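2 protein chains.
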Amino acid sequence: METAVGVLGGGQLGAMLVEAANQYRIKINVLDAENSPAKQVSGHGTHVNGSFKDAKAIKQLVDTGVKVLTVEIEHVDTTILEELVSSGEVDVQPSPSTIRTIQDKYVQKKHLEDRGVASAKSYKLETPTVEELQKAGEALGLPFMLKSRREAYDGRGNYPVNSADDFKSALDALGGNKDLYAEKWANFRMELAVMVVKTKDDVLSFPTTETIHENSICKLTYTPARGVSEMISKKAQELARKAVACFEGKGVFGVEMFLLQDDSLLVNEIAPRPHNSGHYTIEGCYVSQYEAHLSAILDMPLRQKDLRLRQPAIMLNILGGDAEDSHTKIAEAALTDRWLKVHLYGKGTARKGRKMGHITVCAPTMAEAQRRMQPMIDLVDKDKPKQSNGVSVVDESPLVAIVMGSDSDLPRLKDGLEILRKLEIPYLVDIVSAHRTPYTMFEEAPSFADAGIQCIIAAAGGAAHLPGMVAALTPLPVIGVPIKPSIGDGMDSVLSILNMPKGVPVATVSLNNSTNAALLAARMLGATDLAIRERVVQYIQDSEKAVQAKRRRMKEVGGDKYLEEMK
Amino acid sequence: METAVGVLGGGQLGAMLVEAANQYRIKINVLDAENSPAKQVSGHGTHVNGSFKDAKAIKQLVDTGVKVLTVEIEHVDTTILEELVSSGEVDVQPSPSTIRTIQDKYVQKKHLEDRGVASAKSYKLETPTVEELQKAGEALGLPFMLKSRREAYDGRGNYPVNSADDFKSALDALGGNKDLYAEKWANFRMELAVMVVKTKDDVLSFPTTETIHENSICKLTYTPARGVSEMISKKAQELARKAVACFEGKGVFGVEMFLLQDDSLLVNEIAPRPHNSGHYTIEGCYVSQYEAHLSAILDMPLRQKDLRLRQPAIMLNILGGDAEDSHTKIAEAALTDRWLKVHLYGKGTARKGRKMGHITVCAPTMAEAQRRMQPMIDLVDKDKPKQSNGVSVVDESPLVAIVMGSDSDLPRLKDGLEILRKLEIPYLVDIVSAHRTPYTMFEEAPSFADAGIQCIIAAAGGAAHLPGMVAALTPLPVIGVPIKPSIGDGMDSVLSILNMPKGVPVATVSLNNSTNAALLAARMLGATDLAIRERVVQYIQDSEKAVQAKRRRMKEVGGDKYLEEMK
Chain A
1 METAVGVLGG GQLGAMLVEA ANQYRIKINV LDAENSPAKQ VSGHGTHVNG
51 SFKDAKAIKQ LVDTGVKVLT VEIEHVDTTI LEELVSSGEV DVQPSPSTIR
101 TIQDKYVQKK HLEDRGVASA KSYKLETPTV EELQKAGEAL GLPFMLKSRR
151 EAYDGRGNYP VNSADDFKSA LDALGGNKDL YAEKWANFRM ELAVMVVKTK
201 DDVLSFPTTE TIHENSICKL TYTPARGVSE MISKKAQELA RKAVACFEGK
251 GVFGVEMFLL QDDSLLVNEI APRPHNSGHY TIEGCYVSQY EAHLSAILDM
301 PLRQKDLRLR QPAIMLNILG GDAEDSHTKI AEAALTDRWL KVHLYGKGTA
351 RKGRKMGHIT VCAPTMAEAQ RRMQPMIDLV DKDKPKQSNG VSVVDESPLV
401 AIVMGSDSDL PRLKDGLEIL RKLEIPYLVD IVSAHRTPYT MFEEAPSFAD
451 AGIQCIIAAA GGAAHLPGMV AALTPLPVIG VPIKPSIGDG MDSVLSILNM
501 PKGVPVATVS LNNSTNAALL AARMLGATDL AIRERVVQYI QDSEKAVQAK
551 RRRMKEVGGD KYLEEMK
Chain B
1 METAVGVLGG GQLGAMLVEA ANQYRIKINV LDAENSPAKQ VSGHGTHVNG
51 SFKDAKAIKQ LVDTGVKVLT VEIEHVDTTI LEELVSSGEV DVQPSPSTIR
101 TIQDKYVQKK HLEDRGVASA KSYKLETPTV EELQKAGEAL GLPFMLKSRR
151 EAYDGRGNYP VNSADDFKSA LDALGGNKDL YAEKWANFRM ELAVMVVKTK
201 DDVLSFPTTE TIHENSICKL TYTPARGVSE MISKKAQELA RKAVACFEGK
251 GVFGVEMFLL QDDSLLVNEI APRPHNSGHY TIEGCYVSQY EAHLSAILDM
301 PLRQKDLRLR QPAIMLNILG GDAEDSHTKI AEAALTDRWL KVHLYGKGTA
351 RKGRKMGHIT VCAPTMAEAQ RRMQPMIDLV DKDKPKQSNG VSVVDESPLV
401 AIVMGSDSDL PRLKDGLEIL RKLEIPYLVD IVSAHRTPYT MFEEAPSFAD
451 AGIQCIIAAA GGAAHLPGMV AALTPLPVIG VPIKPSIGDG MDSVLSILNM
501 PKGVPVATVS LNNSTNAALL AARMLGATDL AIRERVVQYI QDSEKAVQAK
551 RRRMKEVGGD KYLEEMK
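Going down the list, the protein sequences come from chains A and B. Just so we're aligned: 344 in my numbering is position 344 of the first sequence, and the numbers increase by one with no gaps anywhere. Just so we're aligned: 456 in my numbering is position 456 of the second sequence, and the numbers increase by one with no gaps anywhere.
By construction, these hints were calculated from the structure, which means they are not laboratory data. Just so it is clear, the structure is predicted and the values come from calculations on it, not from any experiment. Nothing false has been slipped in among the hints.
One copy or two, either will do: identical chains are not told apart, so a pair holds if it fits within one copy or between any two.
Taking lysine to any residue and the SDA-like style, the derived pairs with C-alpha atoms no more than 25 Å apart in a straight line are:
1) K502 to L530
2) K484 to V504
3) K234 to P364
4) K347 to H44
5) K502 to A546
6) K414 to L495
7) K53 to G346
8) K178 to T129
9) K502 to H465
10) K347 to I26
11) K502 to M491
12) K305 to L335
13) K329 to R303
14) K305 to P364
15) K382 to M300
16) K502 to L428
17) K305 to P426
Excised from the complex, chain A in its bound form:
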């Protein structure tokens, strides 16, 4: 456990990498300016002061006994790294060729395209001229995005070109840079990111994260991505793994993707290092992206199932603001709810938009995480023109799915829906008839578990096959609500739902009793989510109070008067 790692760059990513290494007392030597964030959390004398682009300083770092050299930033001199590798002086991970390919965004895109990885179509400008922009427009259509090929991040080096009128201003904005390329406009409905770990044997992925950018800077991440089906979430992880598999070497990679309107996915950008969209892993997963990076480059064992989500997590970046201390004000405000975990980076001066820290909150449900993070988002947005958080308008992922055989069942379910609203349990409703839309039922029922639903309420009357059929198609608990048909006493509905064969259980409640179905769902969720349990207990206490009030009244006025009042 005494292998020394060398890191080029000592910013916040380097600092969090050092913190992960500190747990195992893995020694890391950092090359960056004196007192850079990573050095603040590592107290020994073998760090190197200097620039991570300086060949001499890099050599000096290697000479401190470094066995594996890695990066927290991709804008390094890969020629020097290649020399170090070929002379056998040090192992560099990920490999210098990977870093070089990724450094140049156009080459990165080409590399992916050549290997069949879906990414935005790109056009390389031979020269930064209007003529070349004209050709780009012909090749990609308008609008397109004009981008610097190198050293561009957090929106810097990007310029949206809507029409030929923008050609001149685009070149004015970016023309100082000769290395430009144009990228086909991605009309995305949301942005997703997946942290991928390339170990010596495997390509593994963390959960799918929803990222929300503002002014091209990452503002918020939500994990798991909200309002995204498990199928899309898995496809995003597959695409991310496929993209990273195209590169040499070991370590974590941040893969940013676009989810288009037709639910297809495109790789947007890859970072060959820990990434802002993976900060949530520190509290949100059992293994953080920083531990994963160390594990990959040092060949410590790591398996796909180690990378599971512990709890839903939201991360909010703390950016430098208008005032010098805007960011510390946000960090202080976060102290009012100590579930909000504040990470400050110890970077000297706050420039506007500079990443000064971040806040992560985890909770048993995304709904609770959102409630807790919202005051921070409001604070950050206080002085800003009201802006939508990107395309994600889903406020709370549903925990309960309510399906009914017919819309005529809905009035019977009204009381139950009210209970769920009252207990602040997010739900979805849908009409799925076992007999009239069997194919929909077969498609939808198995998808609930993957979509984060924890309990299904199914209502049906008469032959009432829906609850039992749904139960046959899901591993989730299904609550059956027998609905009284227009003919008969409803015993047909009850027995159809109740008398399931051994092996496929349905939790049956009494006829038309959607109230109890909702309360049963709440009790199930409350078994592990203590915030919901508290509301269930409150409901029980309130209903006792209501009966106690009636008792008092009956004592007060006597039975006869009470009966009269009831009329």
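Following the hints, put chain B in place on chain A, whose structure we already have.
Below, chain B without anything else, positioned relative to chain A:
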């Protein structure tokens, strides 16, 4: 956020305190030997090298701009600290008088006793002589524990005196120390510990932890304490808060307690600082004991509800072993399951029994945490004579409670119990009759939720009141299994259980169908515990396979032959 904290002592507790401070970039200056664990994770030039008992060094530490001075060890010179406070040079937390009182275990016990806090009766030896031991025996009875009043920890400075025959050897063992006292023998059934936070306004407590000692050194902690009712758990927290409320100043305090055979509690020892029994809070709670300590001494807001458990947690100490690298071997073995979080302390040489690190595992259920930690416990115990883990023989906390109105229901429940065993879901069974043991029902049903039960299965026949009554007494989901009575078709049982009034739900399954009740319970647990969900899915797949095999057979032999085979 730039208040500087000074810490006397830079061991592992200081190191984890520094790690917590690093997140907020709160600057901490440490006084201890060069390269002590706490300094390894803090890279700045204003630490002080020296002894935390040396007045000059302490003064030097204060002069680095320290606003609040705190301790990670109680064996400090309180006279120096009092001088610093009275001269107004620095704030010391907790207050020096508190540290002084706690330093002397006899004075500590007296202090608690005088304030009505239950703790073991003690007798002060005026001189370390056989005569005084004789008097101690008369005052406390035999056996008793002879203890050094100061500087004793991890079992050092303790000697059990079983009879007058031990007097001589006890004095030989501890007699070099003049300050001895005798403590009444506590015949405890288990040891509990609670971390308490004293803020400027409040006394708050973390959850109740079960501690397991071996050779008087803390070996394991389990949170929540296993096999302890919520009532006892709350009483332990109350006692711990009451004990800490007796002391001046702010900060976290570790309170170790004995749970006696009669379920009463005694304070064993208090530490005025973060404590080994609170390491689990780093991963197990939303706020760690280290964050809580900083919050208390720096007046950052903290409330009781911030100290909630995130997930069940087990902590195993990594101790120095027979070989120099025994502890690193354990840390390396822990890499095979990355949910095991390894903390190494960076202490130079491993003495046998020295605390070199610890491992914490958190999981959605205690059962899963235990499964994951067991290989580490086995490794630690490999070369030891087989020893029971103290009094705790509860292997897995039950998640499902199965209650039946009569033992005659048990044969009907057999299939359900088998399913739970097969799906590795820990459960308890009990006979509780609504009509014959109503008081037991009223006492037991409300206790399940607090004991960590997540789902109740209640079986009854005939009038079958049990499931509904239990549901009226708990916020947990209740599954009702109607049992067919000897008379009639069982519809009486079904309707008694099914037709609950609005407000009190029971999930009813069909007559005698304990299989489906167990599967329903498994699906409920699997909604949040993905390990259980995987086993539910496996069960579903297996039962499909069984029917597919029958299909193949029927195709093969035809209906007539098949029917013949069925006979």
